[in-house]
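A.B. asks: Protein chains in written order, with my numbering: chain A, 1 to 383; chain B, 1 to 401.
Because the hints were derived from the structure by calculation, they are not lab data.
Owing to the predicted nature of the structure, the values given are computational and were not obtained by experimental measurement.
Beta carbons: idealized from backbone N, C-alpha and C, even for Gly.
Check before you lean on any hint, since a few could be wrong.
Sample of chain A residues lacking proximity to chain B, with all beta carbon distances greater than 12 angstroms (derived) [said to hold, decoys possible]:
#: 1; residue: S160
#: 2; residue: N163
#: 3; residue: N177
#: 4; residue: E181
#: 5; residue: M227
#: 6; residue: K291
#: 7; residue: D294
#: 8; residue: N353
Which bits of chain B does chain A cover? Going by a derived footprint, with three or more residues having C-beta under 8 angstroms, they are [said to hold, decoys possible]:
#: 9; stretch: 10-18
#: 10; stretch: 55-63
#: 11; stretch: 90-98
Derived lysine-lysine pairs resembling DSBU-like cross-links, with alpha carbons at most 30 angstroms apart [said to hold, decoys possible]:
#: 12; chain 1: A; residue 1: K52; chain 2: A; residue 2: K2
#: 13; chain 1: A; residue 1: K240; chain 2: A; residue 2: K313
#: 14; chain 1: A; residue 1: K87; chain 2: B; residue 2: K31
#: 15; chain 1: B; residue 1: K301; chain 2: B; residue 2: K377
#: 16; chain 1: B; residue 1: K4; chain 2: A; residue 2: K87
#: 17; chain 1: A; residue 1: K52; chain 2: B; residue 2: K297
#: 18; chain 1: A; residue 1: K52; chain 2: B; residue 2: K188
#: 19; chain 1: B; residue 1: K272; chain 2: B; residue 2: K297
#: 20; chain 1: B; residue 1: K4; chain 2: A; residue 2: K2
#: 21; chain 1: A; residue 1: K338; chain 2: A; residue 2: K313
#: 22; chain 1: A; residue 1: K44; chain 2: B; residue 2: K188
#: 23; chain 1: B; residue 1: K27; chain 2: B; residue 2: K3
#: 24; chain 1: B; residue 1: K194; chain 2: B; residue 2: K157
#: 25; chain 1: A; residue 1: K2; chain 2: A; residue 2: K28
#: 26; chain 1: A; residue 1: K281; chain 2: B; residue 2: K87
#: 27; chain 1: A; residue 1: K164; chain 2: B; residue 2: K301
#: 28; chain 1: B; residue 1: K26; chain 2: A; residue 2: K164
#: 29; chain 1: B; residue 1: K297; chain 2: A; residue 2: K85
#: 30; chain 1: B; residue 1: K87; chain 2: A; residue 2: K2
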Amino acid sequence: MKALICWEYGMGLGHLTRIKCLIQELEKRNVEVFLVTRDLHKSKLFDSLNVKCFPAPTLRNYSRGHISISYSDMLAHIGYSDLDKFKTYLRAWKNIIDLISPNIIFMDHSPTALLASRESGAVKISFGNTFSIPSKSFPLGLYQQDKESEAIEIENVLVSMINKATSEIMDNKREINSLYELFEEYQYNIFCSEPVFDHYPRKLDSSSEFYIGTLSTNMGEDPIWPMHHGRDKKIFAYLKSGNYLVEIINAMILSDASCILYVDGSFNLNTHLPSNISIVKEPLNITGVLKEADLFIGNGGLNTTSQFIKESKPVLLWPLQMEQSLFVNNLINKSLAKSIVKQNHNFILNSINNALDNSLPNFTTHIDSLSSVIDKIIGDIDD
Amino acid sequence: MIKKVLFTWELGAGLGHLSPIYSVAKKFHSKGYEIWIASQFLDNVHSVFTDIPVHVIQGPTNFNTEKNNPIICYADILYNVGYSDGKELTVFIKSWKNIYQLVQPDIIVHDYSPTAMLASREYECEKIYIGSTFSNLASIDIRKPEIQTPRFYHYLKSNQSLENFNQHSEVIERKVLNNINMALNICKIGQISKITDIYSDFSKILYLTLPELDHYQRNEYSENTHFLVSSGIQTSTIVNWPDDEKSIKVFGYLKVKSYSKDALVSLLNALKDKRFSSILYLSGSFDINQEMPNNIKIVNKPINISMMQQQADILLCNSNLNSVIDFLMSGTPIGLLPLTPEQELLTALLESKGYGFRLGKLSSEVIDQLLKAKNTKNNALADKYSSIDFDKKLDELLIEY
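Excised from the complex, chain A in its bound form:
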């Protein structure tokens, strides 16, 4: 059996972590695994596995600073609004899927790959966090409630463009009437999340939809906390590079706690750091971090954030994009996190001090395991 895993959009370790867990589960069952992935260079983290990796055709026309009003608006700004370009990427996905000819396709935030796989006889499964599969609605994934009519217009334009592209490229020229119909191609939805962290309100169909929680795997070194004679607390931060880091770093320094900051992306700090903080450029073993850290500061990526919350450890979040904002607002409404977005170091320092003095309540939820879900799907296919 051949399985193809596609990762087209999104960023960060969350995608890599869950994809690694999925590859391991599939390899255990002697499935030949192919991965078509954005950020191909990061697949060096899979060097112990037999997976065959290819770069993903990914439109990269991000307009920085654009705040999407809906899921369609987000796709339009990625590059879906340019029909010729979109057709080229659709063809590139179709070509690689046809070449691999898989029996199962797992798609992590991969709308173009999903469309391109329309004529593949493979079983199609969404595999990722809840953001990339909005619950059924029109317009799909409305992020700014006061802009519904604008969002409807954008979705209508996008849908007609998708229909035009498929009519030129695919033998199966079936038209869609709304963007959600695209997601109805999935036979199974595996959400690497839990109901409490879902970006959208939704009710699952228990025979084909599953929450399996965030997945973790040891992909880095154990943390080495700075030796420091100040406050007996440890802060772990995992943040995307950017100028905003200066405010957070200053607050971490002033907290007098022992701090580790993992910066994703190139970042040069032209100043000497005091002994209570160390900056690392490679991912750390999150299990080791979770065991010892007292507080997490992040951008609102699902994986690390939810892992800390489940350990009842406080989190402070500075979201950078729509998915993170949606997630962070959801957590704030449930009193599970605090926002520090666009705040100065004094505010952040106060938030750190308050958070370290208060722990979160315990909570438990029932979720399926990845292993049991894969067993069920492969069993269904064999039947």
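With chain A held as given, fit chain B onto it using these hints.
C.D. replies: Positioned in the frame of chain A, the structure of chain B alone reads:
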């Protein structure tokens, strides 16, 4: 069984790569081959391949490495595109190998694609190189054994010693060679003894330039090496010259993001003051927030070069090879503003042979230099090559396939 030819394009930017790939692909298509292209950029593929079917796939290119290393030798270029990390390089070689396994090409045509070349070393098929002389190190004359790749001495700073310059180059060259061999070892491909071995595996080398413009001015070439001038892609977009038909006509093809806004505004003001009839194709995004005078037209999409070539008195460009060749064939004086090591080498060569001149910077001084150049038409290359039918030569070179 339909035969397949796979084109690889990993590094370098612009239509200067896709355009010759298209010319060669068209020949193979007419011979019944299925055309595949694994390209670093997909955006423009279908605007170029308008009249032949092409199977496009995303090519593995490492966009995500830290590019802080200053480029003073060829190895630095490799170092900055993923060869600084043996594990990452392994991923990319493996990925190219995976593509070969899936596509199963009968012929691989490599453009600027060192990693794709390494990955294809033990894939048995015909391998052809097409591209510039800069991006292929076959047969280059490196006399000292400690030197692995060409050094770009024009980047030697006034406060830097030659010894220090060479030491840096040797360190990078050693790292790159070690990382290549580490990756080849993991990928179960035979190791190489020097970096230039990357370019030793071609049945044909088709340099899309003239021997006079070889960036490294090689003393000799292997028997399988040929020089061709690609006819390129002629877009149908024609732009009429602005303002006074009788004034000096300047055609500029310049990459914009490399210049400061001030320098661009300064050039525009100078062209305006001299009343030169000017068409500027500015590639990239720009925002100059000023009204254009009547004598300047700015376009931001490719225009018909043939017409420009026939009518322009002066070309202003970044020393991009294809534009340079096009205008040299009509003897037009060329003002050069090089941005990359490749363009620096070509600029030095053109200057030394009297085919073009380096412009100090993009400013009003440029205009005085252009005025001087207007009367220095150099037809030497045009006289030598204009009667050669390169399209026919390409047919002959591909006749065996």
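A.B. asks: Which earlier hints can't be squared with this structure?
C.D. replies: 9, 17
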